[in-house]
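For the sequence shown, this note's numbering gives the first residue as 1, with consecutive numbering after it.
FYI, nobody ran anything at the bench for these hints, they're computed from the structure.
Bear in mind that the values here come from a model prediction, so they are computed numbers and not experimental data.
Take the hints with a grain of salt, since some may be wrong.
[Said to hold, decoys possible] Calculated lysine-lysine pairs in the DSS-like style (CA-CA distance at most 25 Å, straight line): (1) Lys329 - Lys298; (2) Lys329 - Lys13; (3) Lys329 - Lys297; (4) Lys255 - Lys13; (5) Lys329 - Lys64; (6) Lys329 - Lys455; (7) Lys255 - Lys64; (8) Lys50 - Lys64; (9) Lys298 - Lys50; (10) Lys455 - Lys297; (11) Lys297 - Lys50; (12) Lys329 - Lys17.
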Amino acid sequence: MAVALDAVWVRVKNVCKQNGLLIMSVLAVVIGCLLGFFLRTRRLTEQEVKYFQFPGELLMRMLKMLILPLVVSSLMSGLAALDAKCSSRLGLITVSYYLWTTFVAVIVGIIMVSIIHPGGAAQKEDSEDSGKPIMSSADALLDLIRNMFPANLVQATFQQVRHHAARSDTKPNFALDLTPPPDVLIRTREGTSDGMNVLGIVIFSATMGIMLGRMGPNGSALVNFCQSLNEAVLRIVAIVIWYFPFGIVFLVAGKILEMSDPSAMGKKLGFYAVTVVFGLVLHGLFILPAMYFFITKKSPIVYIRGILQALLIALATSSSSATLPITFKCLLENNHIDRRIIRFVLPVGATINMDGTALYEAVAAIFIAQVNNYELDFGQIITISITATAASIGAAGIPQAGLVTMVIVLTSVGLPTDDITLIIAVDWALDRFRTMVNVMGDALATGIMAHICRKDFMKEGDGVSFKSGFSFLFCLGRNCSAHPTDCESRCEQLSTMLMNSFLFDFILYDFILLCPPTWTCCR
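Could you put together the complete structure from these sequences and hints?
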């Protein structure tokens, strides 16, 4: 009996030691929820809530600080390391897969909102923002294209182009009428919005990476710099990640304190929130893992377990871009995905792959139509599915970015854009769940691309033998058959020694063992 208890205790200690940070993050979310609802009874002032949120604000700032260097260094070094044929094939398959999963998410959302019909239980109330134009669909689409080609790269690191509609009252014509009513015109004015233009930076970095790869030795200096920068950012992430449990408590509790009236909000928008959550659960926990299983023939449960840390950060921050450094680290260290594939697929996915956002926009558009007793025909539903897919691509990976791109979907079928105010009350909560689906979709897509393109990368790394999930063992011998068994055993011994050494935490995947010419590994 004592031996069994000792074995269980050792097992528990090992699990806690291996997953200590994950366990602390889960506890942080639970503690944050409990603390937030408890402090709501204390009637804190707005200024006190702001002070309380300060540790959580620091967490968001740390994560956002790492986005720019990670995206730029990952894309430039990743694409520069691939040949033109391999990079073009990987890019084509990746973008096609992202578009397909986004479209599937939209279809799931349309089916769920049509079955549950949440608009019948909601009541439309006049809001002080009603009637105020936000943005036309044409301007929103053009802004998406404008942001793809930023005029100023420095400005793109902290601002995006964003046109907005403004009222312009014309002066009365006294020559015709002494008291004519003023003519109200809606004019579009160019402006900017705070937040990194990730789409423009991704396109520039990808183009630069492809060109550096074609330059050969002439571009090696910049490629080496990007690789070193990428490694340095990941080491910073390894340090910052220990602050997460502390910051998550205040981040979650602070958001709960900002809620106006949870009970009233639940009565009016409860069915709408349930519809969105059911759709996200169906897409994130069943459809995406099923696609991963059928393509790779591997267990999605094991794979998802490796990215739980990233999913918790997505839940706490509601920003897929802020979660990018953590997702990168989880895929690299826990799921052992090829670094070259991660460097390309993950930043692109964090920019254009917004499955959760697309599903949410489709549900919200049809919900608003139901509230207004507006019957949508089949053609309008198809229009919603297409525009929701396109609009989600332009949604920045920042909190509540889907509200902006929602304008494109609503105006495509003639729905009033001012009714967006109906769903703002619950958007802060739903945004966290759809961000988790976005991050999970990016991570699963990276694993699928690693499986599909594995032969291309094996060919590109000629002479590479993957003797361990943690180190690349390179053999330089050519046409040598001397002692193949001895070579293989020596490589395994060196790999085991490397994994058990203190250097493993620092060098991970980049350590290369150069075998003597007399050694040959099985290829």
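Cross-check of the supplied hints:
Taking the CA atoms of Lys329 and Lys298, the gap is about 21 Å. The hint holds against a cut of 25 Å. With a C-alpha separation of about 24 Å, the suggested pairing of Lys329 with Lys13 holds against the 25 Å cut-off. Only pairs whose Cα atoms come within 25 Å are accepted, and Lys329 paired with Lys297 is accepted, the gap being roughly 24 Å. Our distance criterion of 25 Å between C-alpha atoms is broken by Lys255 and Lys13, whose separation comes to about 34 Å.
Pair hint Lys329 plus Lys64 holds up; C-alpha atoms about 16 Å apart against a cutoff of 25 Å. With a C-alpha separation of about 24 Å, the suggested pairing of Lys329 with Lys455 holds against the 25 Å cut-off. Taking the CA atoms of Lys255 and Lys64, the gap is near 19 Å; set against the 25 Å cutoff, the hint holds. With a C-alpha separation of about 19 Å, the suggested pairing of Lys50 with Lys64 holds against the 25 Å cut-off.
Pair hint Lys298 plus Lys50 does not hold up; C-alpha atoms about 46 Å apart against a cutoff of 25 Å. Straight-line distance between C-alpha atoms of Lys455 and Lys297 comes to about 16 Å, which keeps the hinted pair within the 25 Å bound. Taking the CA atoms of Lys297 and Lys50, the gap is near 48 Å; set against the 25 Å cutoff, the hint is violated. Between the alpha carbons of Lys329 and Lys17 the distance comes to roughly 18 Å, so the proposed pair stays at or under 25 Å and holds.
Violation of the numbered hints given earlier is confined to hints 4, 9 and 11; the remaining hints are satisfied by the structure.
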